[in-house]
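**Q** Model the full assembly from the supplied sequences, consistent with the hints where possible.
There are 2 protein chains.
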Amino acid sequence: MASSVHYSVRVQPYFANWMCGNEPQALRKLMGIVGRRPNILSFALGWPDPALFPRAAISAALVSAIDENPLALQLGPPLPDLRREIAALMRRRGVACDESQVFLTAGAQQALDLLARLLVDPGASVVVEEVTYPGMHMALRPLAPTYCYVPTDERDGMDVDALQALLSRTRPRFIYVMSDGHNPLGVSLAPSKRRRLVELARAHQVPIIEDDPYGFFQYGSGDPLAPMRALDDEWVYYVGSFSKIVAPGLRVGWIVAPEHLIPKLSIVKDLSDIDGCTLVQHGLARFLAAGALAPHVDTLRREYRERRDAMLGALERHMPEGTRWSTPQSGMFVWAQLPSTIDTTILLEHAIERGVAFLPGPPFAPGSRIAASAMRLCFASCPRDRIEDGVATIGALATQALDRPTPTARMVGA
Amino acid sequence: MASSVHYSVRVQPYFANWMCGNEPQALRKLMGIVGRRPNILSFALGWPDPALFPRAAISAALVSAIDENPLALQLGPPLPDLRREIAALMRRRGVACDESQVFLTAGAQQALDLLARLLVDPGASVVVEEVTYPGMHMALRPLAPTYCYVPTDERDGMDVDALQALLSRTRPRFIYVMSDGHNPLGVSLAPSKRRRLVELARAHQVPIIEDDPYGFFQYGSGDPLAPMRALDDEWVYYVGSFSKIVAPGLRVGWIVAPEHLIPKLSIVKDLSDIDGCTLVQHGLARFLAAGALAPHVDTLRREYRERRDAMLGALERHMPEGTRWSTPQSGMFVWAQLPSTIDTTILLEHAIERGVAFLPGPPFAPGSRIAASAMRLCFASCPRDRIEDGVATIGALATQALDRPTPTARMVGA
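Just so you know, the protein sequences line up as chains A and B, in that order. Heads up, the first sequence is in the numbering used here, so the first residue is 1 and it goes up one at a time. Heads up, the second sequence is in the numbering used here, so the first residue is 1 and it goes up one at a time.
To be clear, the hints were calculated from the coordinates, so they are not data collected in a lab. Errors might be hidden in some of the hints.
Which copy? The list can't say, so a pair holds if one copy fits it or any two copies do.
[As the list claims (entries may be wrong)] Here are the simulated SDA-like pairs of lysine to any residue, each with C-alpha atoms no more than 20 Å apart in a straight line:
(1) Lys-264 / Asp-233
(2) Lys-264 / Tyr-14
(3) Lys-264 / Arg-169
(4) Lys-264 / Leu-143
(5) Lys-264 / Asp-98
(6) Lys-264 / Val-11
(7) Lys-264 / Leu-167
(8) Lys-264 / Asp-156
(9) Lys-264 / Ala-88
(10) Lys-264 / Gln-400
(11) Lys-264 / Gln-74
(12) Lys-264 / Glu-349
(13) Lys-264 / Pro-363
(14) Lys-264 / Pro-13
(15) Lys-264 / Ala-396
(16) Lys-264 / Ile-33
**A** Here it is in structure tokens:
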């Protein structure tokens, strides 16, 4: 009967090599799961709380932009008003720059993609931390670069000695760093390390991509640290975003780069999507000019600090012995390292059944096993009064996993 | 004294190879010039007339989206409401598809970029027309493909015999075609050629990228032609856009693709910018659901047809003997071929001095000299009553150039 079997083989087009075997991203899958379960208590995604969006102010800014200027719906040169407002915003981060150094992007992810395409030939080497933001890996995937991994100290950031040793033997295309509120580690880079990193970048003529979506949220009592771009305007390419401080659905980010880089970035932007959403750019420029951002960021910072404290307290009360975690001074994330017999990818499945989500460590550390027992918890996305219950659920599941080593746990190194 | 001369050599980072020697795009330069001269009469850019933007309806749709749903400012799965509305819109173009085949992009340019990255390995071959939309070349530039050029008949579109001969000896990654209102030629592909193109794509298993920003503007008296996607749902990847039918500043376009392609496109979209502007997507879905698009497109079609007729009449009255041009049945462009001693790039400089702009042919035909005496005139961007004067200015300059062969004219083949 074998001859009557019909094989339904789909004839497909050729795909580019880098796509072969590529499965939908773990993050996208999780977005799908969380999106389909609106009542899930999610510490998973690094998204701000929609309840805190400044909706009325955004709505008013957009209406006035459309009413007063039909060109708000047209394409046009990158909006000077918005670039000026961003330069002013950078001064609040301790960075001196002007609008000619500000390049507008469709969120920080596009900034990473444009910089990757501008700087990296296929196979060229780049420096990233062993544990880092997966969006950088995503942007680099089509270029199949050679990764040079540098470890990170969970107390004070990237291991600069390891970086120095690495730079003595190779010249990578860039060094990717998050100075404040590291995603996922929650760590902020020590001031002395910021200085040394900038010196290394200059000495070896390797640009730093400084990704700073979280730096406006500083929870310490002292003066906030300035990003590395404040120390160097030639070798530090700063990436900023309105996603966390206003709303991610606007898709507006920016790069602060040396002026000579701007025309080159324009070429990559043109071929990618010509222009950002000019309407939203016009609206955002009005929102900023009206002074609406500073009080909003202050509100967010206060609220997120309280949520952070609620999460740190809950972790103390509910996580099993042998768990350690960071105390973030900035950003939205706590990184928790569970006992090494716990596989957080399996733990997540059980947690979702109980209506709670987090992100397991592995997507943040591709090609490494160091994150298999870690989890990233976003404390910013959900109301303070639900944090305790959510962490208690995770803690109970983790404790169970320790008591019953299978199937939630696995032998590390086996 | 030579020893005291200081050479100020900027130390730059490595750039990716494809960027080396890349100058800012001709189109971007012209956008700058036109942008700085707000009173210029421009037939240059393929932008709709801001005076015709449906501002009140867009504003109302955005306000209700923000008021009623805070998630309009959040990231999220590609908006089902908008994809359903687009599927309904496609039915008006004669295409049967459903939302599971609709993929949202940041304008048509991003659709071209995503498809190029998905389908093309560096150096692989692609089919484009000798005279075509420069945005396709832009999207392909980082991949440095091998171009297989196919000529186009200005009366009925791509030379399908030439394509067939080409496909007998090579398997390109895709064939790029505009079926209606070709940019810049203004031609619409004959029905018999649509059928043959689809048959060739199937037989040779090569996808067609069918770029259709202009197909909703049909000026003929008969039934409008359906795009090739109506003939094949497996090998035709249709690219649509709201840029011309609503407003380009919204940056919303779409791809209608076989469902199996959608997860792959999502991977490329994720790494490019994660998501489109969700706020605008929510607003646009409401604008469409309110039925605001159909009457708006009818208004545009009537108005653009009158502008087209005004331009065709003015060309007849003012262009020097030996000039020939297309009579577009769709789209926004007339392609005029001037006597071969006229260099339209030089002519443009003189025209700008007189306050009129058009686009010379060469950016549409890289690597070919066939367009050196041609120009693209967009009839849709400026009020009807100014078209006569603008064409008269260009006609007078062209006539002068014929009378005085330098410096406006040059010897062809010299």
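**Q** Run through the hints listed earlier and report the numbers of any the structure violates, in increasing order.
**A** 3, 7, 8, 9, 10, 11, 12 and 15
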